[in-house]
Amino acid sequence: MPLLTMRNIDKSFFGKFANQKVNLDVEAGEVHALLGENGAGKTTLMNILYGIYTKDAGEIYYDGQPVEFRSPKEAIAHKIGMVHQHFMLVPTLTVSQNITLGLREKGYPCSNRKQLNQKITQISSQYGLAIDPDAKVNTLSVGEQQRVEIMKLLYRDARLLILDEPTAVLTPQETKNFFRVLKKLREDGRSVILITHHIPEVMDIADQVTVLRDTRSIITAPITELTEEKLSEYMIGRQLKPIERPMDTAREGTGLEVRELKMIRKGVARLNGISFCIAPGEILGIAGVDGNGQKELVEAIMGIGKTPGGSVLLYGEEIKNLPIRSRIRRGLGYISDDRQQDELLMDMNLAENMLLKMYEDKTMNRHGIIHKKSLYAKTQAAIENYDIKTYSLEIPIRLLSGGNQQKLVLARELAGEPRALVVSQPTRGLDIGASEFIREQLLAGKKNGCSILLISADLEEILALSDRIAVIHGGRIMGIVPNTGEVDMTAVGLMMAGRDSMAEREEGEDADE
Amino acid sequence: MTEILAVITTYLAASLRMATPLTLAGLGESCSEKSGVINIGLEAIMLSGSFCGFIVTFWTSNLFLGILAGIAGGILVSMLHAVLSIKCCADQNMIGLALNFLFLGLTSFLFLKAFGQTTVLPTCDTVNVIRIPLLSEIPVLGPVLFTQNIFVYIMFIAIGVFWFVFYKTDWGIQLTAVGEHPRAADTAGLNVFGIRYGACLINGIFGGMAGAYITLSQLGFFMENVTAGKGYMALVAVILGRRNPIGVLLAAMLIGFADALQFNLQTMGIAVPSQAFSMMPYVAAVIVLLFSVNHSSNPSALGIPYQRNKR
Amino acid sequence: MNSKWRSVLSFAGVGAACVGISAIFIILTGGNALRAFAGFFQGIVGSAYNLAEVLVKATPLILAGLGVSVAFKSGFTNIGAEGQLYMGAIASTFIAMYLPGLPAVVMIPLCMAGAFILGGLWAFIPGVLKAKFGISEVINTIMFNYIAINLLGVLVQTVLKDPNGYFPMSPTLPDASALPVLVRSTRLHAGIFIAIAGAVLIYLLIYKTTAGFRMRAVGVNRRACSCAGISAGRNLMLSALISGGMAGIAGFSEVAGLHHKLLEGISPDYGYLAIIVALLGRKHPVGVVAAAVGIAALQVGSLSMQRTANVPSSIASIIMGTLVVLILARKTIFRKLLGKEEGI
Amino acid sequence: GCGSEQTAKEGSAGDGKGDAGKSDGLKVALILSGPANDQGWNATALEGLKKAEDEFGITSAYMENVDIADTEAAYRDYAAQGFDLIVGHGFQFGEPAAKVGKEFPDQYFMATESNSQGDNMASYVMSCEEGAYLMGMLCAGMTKTNTIGVVGGFEQPSITKELEAFKIAAKEVNPDVKVLEIYINSFVDASLGKEAAMSMIDQGADVLYHVANQAGTGVITAAQEKGLLCCGNSYDQNSIAPDSVMCSTVYNMPLVITTAVQQVMDHKFEGGVFYLGMADGVVDIAPFHDFEDKIPKELMDQVLAKKDAIISGEFEVPRIESVTK
Ligand SMILES: Nc1ncnc2c1ncn2[C@@H]1O[C@H](COP(=O)(O)OP(=O)(O)OP(=O)(O)O)[C@@H](O)[C@H]1O
Ligand SMILES: Nc1ncnc2c1ncn2[C@@H]1O[C@H](COP(=O)(O)OP(=O)(O)OP(=O)(O)O)[C@@H](O)[C@H]1O
Ligand SMILES: [Mg+2]
Ligand SMILES: [Mg+2]
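Chains as they are written, first to last, in this note's numbering: chain W, 1 to 513; chain H, 1 to 311; chain D, 1 to 344; chain B, 1 to 325.
Treat the hints as calculated values from the structure; they're not laboratory data.
Errors might be hidden in some of the hints.
[Stated by the list, open to error] Computed list of lysine-lysine pairs in DSS-like fashion (alpha-carbon distance at most 30 Å, straight line):
#1 W/Lys-114 x W/Lys-55
#2 W/Lys-389 x D/Lys-208
#3 B/Lys-178 x B/Lys-294
#4 W/Lys-73 x D/Lys-4
#5 D/Lys-331 x H/Lys-87
#6 B/Lys-297 x B/Lys-226
#7 B/Lys-99 x B/Lys-50
#8 B/Lys-102 x D/Lys-161
#9 W/Lys-55 x W/Lys-119
#10 D/Lys-132 x W/Lys-320
#11 B/Lys-294 x B/Lys-50
#12 D/Lys-4 x W/Lys-55
Given the structure is predicted, the values throughout are model-derived calculations rather than measurements.
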């Protein structure tokens, strides 16, 4: 008897289906991968299971019993836990407070924090999840936040763990570690529903796979009966084409250049003199573990927040002291990794979100008046070209699925035909079809002579797109290697861990991490 | 020396008298706002508390029942606000303003119904001062802090309790979570709606008590619009005090102090229109606020209804 | 039945419930409910004068309501329309009193500009404090209300006092500063045109221009705006300025169109009603105009009801409060009728 | 205006007010700026209206809490409804009354405390300062600390003239007395009134007076709480605090209204500004109740003698309408 059975689940929003006759069976002690394109309805299905949404029709059986959770509280009571696509942590509380939130431990409501912290540390070391219970969540990197989310489930001793795109924000190392945890969970007899867009991960860890396509579940099969090719065909209805990066190496001139960038934030040096130069038509990939200065680097180039030391040059012009708007006017584009915070007006519609970066465009703006027709035309074009799943361009972007929101951001930035582009995690959360498309767009931009700084936690992506690869660690560039096809991955890995690949080794402070 | 002490004592006492209703109401409002529900209808809560407290005391001659009735009156308004904001997901500013209008009319109407058109002011007993032995002998503080009535003692105890609950217990953490990130709280298994209703209930209790203080301690009678804008001033105390119980008390004391000061200045006979003095408490609030640069941190979800089924 | 009709029906339900509740209160006072309601409607549409009165009251509500909407759009919670209205009234009185010789074509625009600037300043200061120092605008705007009201009190006893009178009020202002009356033997003045023009301008500004877009965007996500090079602070301050300016023009319109002098108590809570107007009108100029006329009609009707049926004035507050509460609860009360509300 | 003439005729056609003395159908309306149920300023006016109703059988109507912006409309609407006499209670009603009066020449308009007038519009000003003068004497005579206090509502002539008379009277009885005065800028905030009184008590005042309507009731509460003496205003306020309220100024608003109604009935209503004081029975002081024995005989005689002098016209209380400090 399966642990969980979902039968013929229907759910619609605004009269449009998000789930239609969806079936899902999860056995005890298995890792069950739930796959599907952006907007296929994966998150919706899980939200129904977890009691956040109410289903329109269908049945759910848990442990053989018919159930209907009206709130997450009830789901939790049945030892179901969920890590959401967008983290559900209270930023102003500490790690430990977040983990124990909602629980009634001994001594409640005056529970002994020390004891709770001990228990947390014990569980976290058991699974190899390093966290500091007393750190405020708003000081944590995304990877650390992910660990807190998982700890929340482990602390609650969940039997069924729903993980909605947990690896999207993790570095390869973190992912590896994370999978170790998953395997341990499976050994403990727990079940995991894993939503991901990374097919290799699925092949690596899943026991069973269910694929959603256009709101319906189209197949459930054991992993042993599937191949990567077959899976991608189920998901997007076709084979992926391998990306071809033009290998023209000799490039002239300087597009985006930084020299000796330095930044100190809250007394800690976040950037320690970073220099590099990207030629027009070149992609420089930045590899590195999250939290090593990537965010600061990007913000320094874009002019968000504090002015850094050193200099930022755009086609030879110093732009370090220019306001953001002037940089945008000079053709500097930006795609942030935190799209909901940095890029989107969640309560505004798609067209208005398009307008956010291009309201100064001559076609959009006539003497301060918005030119609605061309705005709508441009938005419609973006929707079509990027295959954004939406009912209309006049609905709030909040209603789109995570992947589709990201597509609009990309469409907007690339539509401006930037001379230089800073891209952070461009395909995070995108399905394989969309990722492929985005990568093609980036390469097309490069072909048009755009200097692109690509920051990605996904080494595969960096390898696939970059002309040169720089490794960042502790706010320093550890080394830059040309991406000739035979990159020494061990050397890159070493640099990411803070060790210089070449003879001169960095001592002390960096190594002991 | 003794003269200076006497001046300090009188100012302290005057500030505390005026601060008491603002603090009581402010404590409840802090709780409500921490949970994400902002109630501009504090004025209505207080007015309802004043009215119910008075009328029950008038009828039963029992102050204890009167205070309970005042609390009930406050709860009635706060729960109306809670249902409209939590269940109906209506705009909280608008609910508050509407309730202020509604209860200004309702209390005046019911008062008229109860006593008719009259030139005789119906009055009731007021609460007695309870002198706490020994403590009340302390110079300066003794007469101010320990020669007070039940409302003031309740206020002091409540400040301590609120402070402890906010900052030292799981309830405080839950309150913060619900106000900062209700969806996170919900997915962690907290009953967001329940906690918000609870916080609103507490707001009603203390707001009602603040209202009852006006009729049952300060005045001994009720009249139309007897709160005269104190609900708004309590809101000011809440923001000025950053929802910290002690901060709320200090902010309310400051407003009270400014009033005491303006009265004293007026009696000095300076030839300036009196409105110039009357605006002092408000100017003082603005000036103090200037020192809170970059420290005002509202709960992120303040005023935003939580809808589970919505993105 | 389509959703539009259901919605109309639910509003009818709200109206009926409101009428029912008011009837109970009227009967409780011993009044005649039918006569009261007749008085209510007669007070609104009974004569040209009454209709004009509705518009007279709607004028400041539209102007101040527009102001509040603009502020709310950019995330500036402006509770201070009352004070900004007072400051507008003060400014236009100042100009009209101290520059009495000007012809109307100069005088009226000048008074309006003065009212806009001083009213705007009264919101701009809290705006700067919020944008530059992160200080809560809610308190500041409330405090600025009280300060403005007291300031007016001081002024009408000093520099703006009628030198020939002993009441705390300004002298009657020169004719050149008065807005023309539109319909003879009513009080309907040209302020209503200013209000309507204001609504059109604000609509164009907010929804059709990039400046308006920026202000709206700042109200939705400040961080995303700064990442897109839109200064959150500057747009916030701009919207505060416009917001206060509109409320200031409401003050101008009351002085120039109605009272022709400055005196204490010039606004019967128009500034607070404007918040209700803005929110009921969903911060949209068309909605604001409709809500303002509605609230004005409600008030004028209630006053007339008082006169014809001798009910106490508290009934007016009760009706007003009840109506708004019912409108807020409409979707929940009529959930069955409305069907599953979109997105909920 | 031409539009309104017709309605005015209509209004007066049916009520047969041509017959002198008869009141059948005479309609009188009262407009109040605050709540009718304020146990003070407005309540006494309404009492007057009711009294006129009882005495003359007139039809009456009233409106409370009328804002300045709505005043003109209120006068006009009552006029259009055919009311024969429309009374506004407060200085701010003067100008609208005069203005609307011009459009309804067959009906009568009145305002209290104002200085406007017209053919069919009169202002009746109560000489409240005469009462306040006596209270000033009383308070100054009773103080033991040589400090007394007075709380005013708003700085407007009808209030100021009382405070000023109070101060002059106090100095007359007791040249060394210190008179503290506070305007609280509210007629409704009783807690503020109480705090103002408390502040004066803290400064040594032991006898208090108020001219702040509802808000002033707080002054009485303060005196009562501290076991001190005070004087009331508007009506006999002794019942609020029998141990504290020695005496009160009393305005006989009912008499003002009945006088006006009588004049309308007798076709004697005239435009103008009329001052009504103690001699007319419009201003008076309340009985001393329990204080009859507690007030020193000498002082009592002095006060009563002054009252007689005022009534006989021997003594005229100065009317000072702007604040002197
Ligand atoms: N609360 C909601 N209101 C309206 N539409 C919604 C809501 N939730 C989901 N949808 C719609 O349902 C569809 C499925 O969304 P869902 O988030 O389940 O997709 P997903 O498979 O998780 O996609 P992704 O991989 O991009 O996260 C989308 O088209 C989305 O716009
Ligand atoms: N929409 C808003 N909602 C809430 N607070 C806001 C909003 N807009 C501005 N603020 C306030 O403005 C302050 C400063 O904002 P910000 O730094 O973005 O302004 P700025 O325009 O970039 O400033 P400058 O022009 O000096 O660069 C913040 O601390 C915040 O309190
Ligand atoms: Mg999803
Ligand atoms: Mg800035």
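Verification of the hints:
no.	hint	result
1	W/Lys-114 x W/Lys-55	violated, 41 Å
2	W/Lys-389 x D/Lys-208	holds, 27 Å
3	B/Lys-178 x B/Lys-294	holds, 22 Å
4	W/Lys-73 x D/Lys-4	violated, 37 Å
5	D/Lys-331 x H/Lys-87	holds, 10 Å
6	B/Lys-297 x B/Lys-226	holds, 25 Å
7	B/Lys-99 x B/Lys-50	holds, 27 Å
8	B/Lys-102 x D/Lys-161	holds, 26 Å
9	W/Lys-55 x W/Lys-119	violated, 37 Å
10	D/Lys-132 x W/Lys-320	holds, 22 Å
11	B/Lys-294 x B/Lys-50	violated, 36 Å
12	D/Lys-4 x W/Lys-55	holds, 26 Å
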